[in-house]
Structure formats: structure tokens, C-alpha cells
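Q: Below, each chain spelled out in residue letters.
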Amino acid sequence: MSDIALSERTSSNHTVRYALQDIRTVTKRNLIRTRRIPEALFFSSLQPIMFVLLFRYVFGGAIPVQGTTYVNYLMPGIFVQTMCFGAISTSIGLAEDLQTGLLERFRALPMSRSAVLGGRTSADVVRNIFVILLMTLVGVLVGFRPAGTIATYIAACLVMLLFSYALMWGFALIGLSAPNAEVAQLMSFPLLFPLTFASTAFVPVQSMPGWLQVFAKNQPVSVTVDAVRSLMVGGTYHDPSSIWKAIVWSVGIFLVLAPLAIRKYRKV
Amino acid sequence: MSEILAVEARGLTKTFSKGDVKALDGFDLDVPVGQVVGLLGPNGAGKTTAVRILSTILAADGGTARIMGFDVAKQAGDVRKTIGLAGQFATVDEYLTGFENLDMVGHLCHLPSTSIRPRATELLEQFGLADAADRPVSTYSGGMRRRLDLAAALVARPPVLFLDEPTTGLDPQSRLGLWDVIEALVAGGTTVLLTTQYLEEADRLANRVVVINAGKVIANGTPAELKADLGATVLEVTVGDHDQALRSAELLKDLSSKVVHVDGDSVEITVEEGPSVAAEAIRRLDALSIPILGLSLHEPSLDDVFLALTGQKTEVDTEALTESTKRRGRKAKETP
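As they're listed, the protein sequences go chains A and B.
Numbering of the first sequence is given in the numbering used here, commencing with residue 1 and proceeding in unit increments.
Numbering of the second sequence is given in the numbering used here, commencing with residue 269 and proceeding in unit increments.
There could be a bad hint or two in this list.
In silico BS3-like links for lysine-lysine, alpha-carbon gap of 27 Å or less [to be verified]:
1) B:LYS484 <-> A:LYS267
2) A:LYS267 <-> B:LYS521
3) B:LYS286 <-> A:LYS267
4) A:LYS264 <-> B:LYS290
5) A:LYS264 <-> B:LYS521
6) A:LYS267 <-> B:LYS342
7) A:LYS264 <-> B:LYS342
No wet-lab data here; the hints were simulated from the structure.
Bound conformation, chain A alone:
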């Protein structure tokens, strides 16, 4: 058709609108994929449930915690751990799109340059919301009794979602750097294990050696767990400063990693 406006100048207003529209399109596409591979969703949900059962019934009895039951102590940790492990799907998803050549097609389209990463991370946030709902249900079934109100519970969920969103940009960087999806997954674990286990997620840090305590108390996963615990459990764990610290960590991580991921995307 000859009536295509080839030299149409798009204002910055248009640019933002198109960017949001493109992010929505790519998000939708990623969510359709998630729905079409129910096995992936099932097994990726099964893993955190296994962790809940493992810590609740196998290790839990041997871990003394103050001021509340172990399951109440545990659930905020499991939530944040699940968010962190969920970020692996960001790296796998991007590595797959790179491998299949779909990103090549995207790069030849007049779509917004930020849509691929924006759409990937947005879809993963939607998935995380689903996972939070599922885990809440499982937690309640094994005796988790959150304190506080619906509002504080939702605030806790927002804190974890913000943290997971920031983390996803780091995993996007991994996904775009990996030669394929399997390697992307392998590259993710060495990062996740120390962050999630050398933390306040499962055990009080007092039982760790001194040098490790310094790391375990102050690293971002612990700070986020503390914030979630402050909002979901309260009492002994009430610590409003951890909420601000968690938000600052998340924003900081995002501000450092997102530009790196975007730069990497432009180059691949």
C-alpha cells in the first residue's frame, strides 16, 4: 500500500504510548506461552511447595526461632526465595527467544526497543503474583497464620514483587549473555544459592559464624525477607526500617542492572 506514511514523525508522546502498547503485546505473548506449557507452570510451582514442606516438616523442628512459630518465620523467607528462583524464568525465556531467532524478527519490526525486556519482565511479574497466591494458600494449609491486616499483607507482597522485578533485570542480562537456555539456567544457580540460603530466609543468622552473619544480615535478600517478615509476622520481627531498606535495595539494583540489560539487548 502506498498510503503508508513513511516519513511520519512520531512525537515523544507517541513513542511512550507505543512503548507501553508494545510491552503489553509482548507480555500477552509471553503469558500465552506460559499457558500453553502447563507442565512448566506446574513443576515450577511444585518446587516452592516442596521447599515449604521440607522446611516445615523436616528441618523446621530443629530450628529454634523466637517470638513466633517456625512456619510463620519460614513463610516470608520461602516467598522471597520463590521470587528469586522465579527470576530464572526471565533468563531462560530470553535465552530461548534469542536461540529460536524470534528476537531477530522483533529487531526488524518498528516496535519499541524496550518492549522485549519490558514484556518479559512484566509477564514474569504476573506469574509471580499467581505464585504468591498459590503459596499463600499452601502456607495457610500447613499452619501459616499471618499477623496484621490485608493491607499489610498486600504491602508485603508489593515489597517482594518490587524486589523480584529488580532482580529480573539481572537475570535478563544472564539470559542475553548465555549461549542457550540450559546454560542460562546453570548460570543462574551459583548466584541464587548464596543469596537465598546465606540469608535470614530459613534460619536466624545468630547460628552462623560471625563473618557470615555480616553478609547474611545485610545482603538484599535478607533485607527483603526482614521487610516481608515485619509486615506479615510483626511482633518481635517488627522492623519498619527494613521496609525502606528493601525498597532502596530494589530501586538500586534496578537502576544498575536495567541499563546493563538494555545495553546488552541492543548489542546481541
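Chain A is already provided as a structure; the job is to place chain B on it using the hints.
A: Positioned in the frame of chain A, the structure of chain B alone reads:
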């Protein structure tokens, strides 16, 4: 205004850091509006690199390229609105249905949302995919994927279309089906740059053929011109040994006005009238009692184009080969 070219490339160069391979080495190309140009060359000649640069996916190291007047480096956004790209590796989403794939591309091209559904439906019908529209692409055959890939490139009705080896790896029937589709597009006025390894494909679809080897254009003309340069048929005679092959080449030289090529114990000549020349060749060789171990007539292949143009086989760089053999020989002598 009438002087504008759909595709204009000047002195494009691209070196890949891995292995220091010069993929493009001063590549020039003109594609006038409304024409179909076939970019012909063997694997690794630089065809795909050229298409990737022209479609803004890859940045060139040097040279310039314009699509409908838009610079691929400085006006990439405008170029992307002008082109459609269908690749040799059908890049559609496996898990989405045919319709969902086209719907997604329509949105990403910023078509008015009310026009996307009718456009997608129309394309699916046009490409014989209407029945499979709501099935995930993972259930499609290879030919169906290629057609969907092509349909995806056409959603926004781009005036310039890049087809990177559209039929490589397809069975003959799917290939014919895809050719029909491409011909219909061309009839509708779309400018097409088509890369292919098949002379037959370029012959059928292209107005003009550009032959590329080692990142450079080595020939440029209509298929008829190239064919005339080549002769219509290739006659290959296999005899007892290399010496007999050389003698045969001498005997048969006057049957072809083109290059006569000796390769080991066989002779290849391009001729106009295959069967009668074959009969004459048998008579001449028989008269001198040169044993004929094999004889075949075939349509000129890309290999033959290369033979005629460069005097070299495509796959084997003979010069490099002899060079390395020499070196090995010398080494062997030096070592006591």
C-alpha cells in the same frame, strides 16, 4: 523521485570477530522499485549478512545502505516501517497459534487494532492456513511454518520485502507452493530482495540476479543473460583417468563456446543442445577408444555458474588447497 531505489547498498563491509571472517567485502547492490532481485551465492558467501544489515538487525563496519531512501544506520525506525523480513529459519512463535502470531506482529507494527484481525484472517486464507489458524505452530509442517513466516512479514503490507532463502530445506511441493505465493506478491507490486542457493529459484522469481562470492558481487544480470553466459546444459563425461580426461577435453573443446573444465577423471562442458552434443561426444571418444565410464546431462547448477564465473568450484578453494598441500610436502621433506 522516480530515481529512488528500493534498496541501495554502497561498499558495505562486515568482518566478524570470530575467526576474522570477512563476510562482506565492498558489497554493492541496487534494487529498483517494483523489481525482484535474486541474491545468489553458496553458503557463507555473505547473503544473509547482507540481508541482516539491510534490515537493520546488524550494523555494517563500513559503507552505506538505504531502503526507499532511508539510511539503515541513521533512520532505522523508518526502515523498519518500510520492510518485511522472512528468514530461512522460520521465526514464528512455536507456542502461539498462527492467528496469534500474526496478531502479535500486527500490534508490534502499530496497525490500527480494528484492522489487525481482518488482515490476519485474510493472510491466513491467502496462504492456505485458514484451517490451521487456531492451532499452535508446533503442530505445523515445515512448509506451513514458512508460509506463516512469510505472512508475518506481510502483515503491515511493507513495500520492500526481504526473503532470506525462503525455500531452503523445503520439499519440492512446498517449494512450488511458496513460489506461487511469492509470484502473486510480486504481481501486486512489492519490491523483493530474495537470497537463494538455487539458480532455478532465482530464475523463476527474479528479474535480475546478483551473484555474490566471498562478500563481493561477481556477476549481475538477468537470468537469461546469466544463462546465455553459461549455456543451457552441462555435459559431464567421466573417463578412465586424468590424462584421458585432458585428451577428451581437447577433443570436445569445440563443442562448447564456453569454459571446458577438467576435474580429476571427468570433463564438464556447458552446451546449448544437450542430447545431440552428447551423441557427438560419444562418437568422438569412441573413435579414439577412450573408455566412457559415465555420462550425464544436467541443468546448470549454482556450481556451474561459479565454474563459469570464477573457474572454481564453490565448496573447495582449490588455490588454498594446493597451497596447503605444498606446504605439507615441504615440511615432510624438511623433517629428516
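Q: So, for every hint listed, does it hold in this structure?
A: The hints, checked one at a time:
no., hint, verdict
1, B:LYS484 <-> A:LYS267, "26 Å, holds"
2, A:LYS267 <-> B:LYS521, "54 Å, violated"
3, B:LYS286 <-> A:LYS267, "16 Å, holds"
4, A:LYS264 <-> B:LYS290, "24 Å, holds"
5, A:LYS264 <-> B:LYS521, "59 Å, violated"
6, A:LYS267 <-> B:LYS342, "16 Å, holds"
7, A:LYS264 <-> B:LYS342, "20 Å, holds"
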